[in-house]
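Going line by line, the protein sequences match chains A and E.
Here the working numbering is used: position 8 in the first sequence is 8, and no number is missing along the way.
Here the working numbering is used: position 57 in the second sequence is 57, and no number is missing along the way.
For the record, the hints were derived by calculation from the structure and aren't laboratory data.
There could be a bad hint or two in this list.
The calculated DSBU-like cross-link candidates involving lysine-lysine, where the alpha carbons are at most 30 Å apart (straight line), are [to be verified]: (1) Lys-69(E) <-> Lys-9(A); (2) Lys-22(E) <-> Lys-69(E); (3) Lys-58(E) <-> Lys-22(E); (4) Lys-106(E) <-> Lys-69(E); (5) Lys-14(A) <-> Lys-106(E); (6) Lys-106(E) <-> Lys-58(E).
Given next are the chains, with one letter for each unit.
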Amino acid sequence: NAGVTQTPKFQVLKTGQSMTLQCAQDMNHEYMSWYRQDPGMGLRLIHYSVGAGITDQGEVPNGYNVSRSTTEDFPLRLLSAAPSQTSVYFCASSRRMASGNTIYFGEGSWLTVV
Amino acid sequence: AQSVAQPEDQVNVAEGNPLTVKCTYSVSGNPYLFWYVQYPNRGLQFLLKYITGDNLVKGSYGFEAEFNKSQTSFHLKKPSALVSDSALYFCAVRDDSGYSTLTFGKGTMLLVSP
């Protein structure tokens, strides 16, 4: 069972470069989201999507773009990388946004911006 | 706005002793509460959740949690700790509106000594 798959696992970027973190899920989940994890700050929501063609901002959306053209994929784009975006990024999905559904996480993408 | 507090950055316990990891929350409406565990360099794994019903919820790996509405708490417990339980634990909350994203606490590192 693949679940939620993120690529790449590790990436080093130079300031100002752009890149896309890929996320795919094979569970036919409607709800997908991106979080970033920083030491002492827990996980903070960047963007989320409740279905194909629908996205919305979370707590820390600045500097990131998302799109949801298919149910399976939810890529996160860094437009112009900054050192403050050095973090661990997690993609997550659940059946629906409804409150009781368990959210499942990918294995994470470690990003360093130099 | 909803929030989660995990008052302890770190909990130390000896193997075989009971463990408790504390979590308090604040939401409008009814809470839906989750515990996740993260092992080093891995994604978050779902442990258990409270949606409704019995206040004592049992989950994976022998963990359980007790929902206490009057104290707005959802503490994670295990009767006998294992060294392999050493990890980072996150409490998370959603409200019951059906449109609520998942808000995480900052995490508690559990260290179980042999």
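Q) Holds or violated: are the alpha carbons of Lys-69(E) and Lys-9(A) at most 30 Å from each other? A) 40 Å, violated
Q. Holds or violated: are the alpha carbons of Lys-106(E) and Lys-69(E) at most 30 Å from each other?
A. Distance ~21 Å between Lys-106(E) and Lys-69(E) Cα, so the pair holds.
Q.
Does Lys-106(E) sit within 30 Å of Lys-14(A), going by the straight-line distance between their CA atoms?
A. 28 Å, holds
Q | Given pair status - Lys-22(E), Lys-58(E), alpha carbons within 30 Å | A | 16 Å, holds
Q. CA of Lys-106(E) to CA of Lys-58(E), is that 30 Å or under?
A. 23 Å, holds
Q) Does the structure keep Lys-22(E) and Lys-69(E) at a Cα separation of 30 Å or less? A) Holds. Lys-22(E) to Lys-69(E) sits at ~14 Å (cutoff 30 Å).
In the structure shown, a violation is registered for the earlier hint numbered 1 alone.
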